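Engineer: Going line by line, the protein sequences match chains A and B.
Residues in the first sequence are numbered consecutively from 1, following the numbering used here.
Residues in the second sequence are numbered consecutively from 1, following the numbering used here.
These aren't lab readings, by the way, just hints derived from the structure by calculation.
These numbers come from a predicted model, not from an experiment.
Think of the CB as a built atom: it goes at the ideal place given N, C-alpha and C, for glycine as much as any other residue.
Careful: at least some of the hints might be erroneous.
Selected chain B positions facing chain A (Cβ under 8 Å, derived; list incomplete) [what the hints assert, rightly or not]:
| id | residue |
| --- | --- |
| 1 | Leu142 |
| 2 | Ile146 |
| 3 | Pro149 |
A few chain A residues that face chain B, going by a derived Cβ cut-off under 10 Å, partial list only [to be verified]:
| id | residue |
| --- | --- |
| 4 | Ala16 |
| 5 | Leu18 |
| 6 | Leu19 |
| 7 | Thr108 |
| 8 | Asn125 |
| 9 | Arg129 |
| 10 | Leu178 |
| 11 | Thr180 |
| 12 | Leu185 |
| 13 | Val197 |
| 14 | Glu198 |
| 15 | Trp304 |
| 16 | Glu306 |
Derived lysine-lysine pairs resembling DSBU-like cross-links, with alpha carbons at most 35 Å apart [stated by the list, open to error]:
| id | chain 1 | residue 1 | chain 2 | residue 2 |
| --- | --- | --- | --- | --- |
| 17 | B | Lys197 | A | Lys188 |
| 18 | B | Lys197 | A | Lys315 |
| 19 | B | Lys221 | B | Lys172 |
| 20 | A | Lys231 | A | Lys315 |
| 21 | A | Lys188 | B | Lys221 |
| 22 | B | Lys197 | B | Lys172 |
| 23 | B | Lys221 | B | Lys197 |
Below, each chain spelled out in residue letters.
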Amino acid sequence: MSRSRTLPAAVAAAIAILLGIPLLTHSNYVLGIAISGLIFLAAAAALNLVYGYAGLLSFAQLGFWGVGGYCSALAVMDFGRSFWEGVLFAGAVNLVLAVAIGVAIIRTTRHAFVVVTLTFALLANLIARDWVDVTRGPLGIPGLPAPSLFGFAFNSSERFYYVALIFTLAALAFLYCLKTSRIGLVLKAIKQNEQLVESQGISAAPYKLAAFVIAAVITGMAGAIYAFHLKVIDPSFLDFYYMQTFLIIVIIAGAGSFWAVVLAGTVMVVLPEALRFSDELRMVIYGVILVAAMMFMPRGIAGWMEDRRIAMLRKALR
Amino acid sequence: MSAILRVSGLSKAFRGVHAVQDASFDVELGSITGLIGPNGSGKSTAIDCVSGFQRLDAGRIVLNGETITNLSPATVARAGLVRTFQNVRVYDSYNLVDNLLVAEAPFRGLSWYDALMRTRAFRDTRSAAEDRARRLIDHVGLTPLIDAPATVLSYGQKKLLAFAAAMMTHPKLIVLDEPVAGVNPNRINDVAATLRKANEGGVSLLIVEHNVEFINDLCDKVIVFDQGRKLTEGTPAEVHSDPRVLDAYLGIAPVQQHAQPEAT
């Protein structure tokens, strides 16, 4: 089984299936889950870049997600711009924000980084709630219109699904290029041993900043699209539930593994729904599966597989 | 001979404890120089300062005519001074080639755009880097393990890999922090041969080590530290016949108070 041949085939098959989903079902329920799943996957893959690659546990993702959602909603509702411009605006605002925050905190310790990013997420929530003139406060901004392109309106779940799909595929393709490039190599090296990287003549700070900013832009654009999927945005858009979802996907997958995150993202979206056969026990079973996964695979699926591989290698070398 | 590294008046204190006090020494171009001294004599602090990992309280460090005092470790490395670590450091999850590719200096001439888009220039540089990595891995005798993640290597093998990674950066001077401590005694000669070969290729070496035999065998000049100061320097033979050196290590000569500052 050569990896170089199976991988493109598997990716092609997955894309074909994803393209075909709206043809297989017209259920708004299923499509709604698929749309959420795709967008969460893009955000989780972005978190994987900062946390899994650069080794920075960033809770700011939630803030960027919310800022993205509000920016696109305001661009459309208050400035009369199109949805597409709104998404780009969300990306641009997050770019500026992430550079400003990143430059200040990228050189701090990892603990300080966690605290500052968490504070940013909480602050974003507070602003959404209290800056009533702009965000409409707790009432939120309802009635976000369906996006349209050259007169074609993405006004059904089937149609909106393709917006989410294209965005997520583009984001994943970009992150994959990044991961397999020398930049990805250096980022993961920084996570393993920052001092060693520095001793080899590479300044770690620009790499960490780049990872933080790229993740912020992708997360912000994902949030922008998600807001238009919900058709309403209010402070609950900054609920910790979203951060939790992204984190669970990355941690169960094993931080730092691109494909494991893609797989786990899919499973984590499908699983809660698949468990609906037992409505009372649904969340209990979900919880048990999560706890068991963490007990037996503390470094996630990818970490578990790597440990097996190394154990086999060690045995062979003895 | 001219000096590749010139350290003058180096001082460093931790909370008032003088780890290194007014130490001056040179490493000659193309030489293998040893740095020895009892535990806590300031060797590690000295090389931390030289390689940019600690800020100096006072003093001046010149590498190949260029002042590198208090520059960041990355800048110092780019100037041509690369260090290894006492507690060996490698990228555990990477295979040996990737371990070396991280350290490949010529990549730095290329932009992130080149890296991301895999331009022609980038691919050429990378294949050249991969060839170089394979040669260096062969040079330290780790070719049979080339595809294994570095975590499966033994302690001694990791030290060899760390040395190969240092070589990958095209250094002028490598500072080695205890290259054979904890290494299987049967393999020490291999390490010595590897270092000598690198030195013949034009790289100067500064070696901090406790293994006297190893130092005597390799070094042209030995610098001795004691209690944060440079005690003496000379050929291995001169140094080991110096009564002050014996005193520093064994406390044989007349009584002296040994307040040993913690250096690491």
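Engineer: Which hint numbers does the structure go against, in order from smallest to largest?
Structural biologist: Hints 1, 2, 4, 5, 6, 7, 8, 9, 15, 20 and 21 not satisfied by this model.
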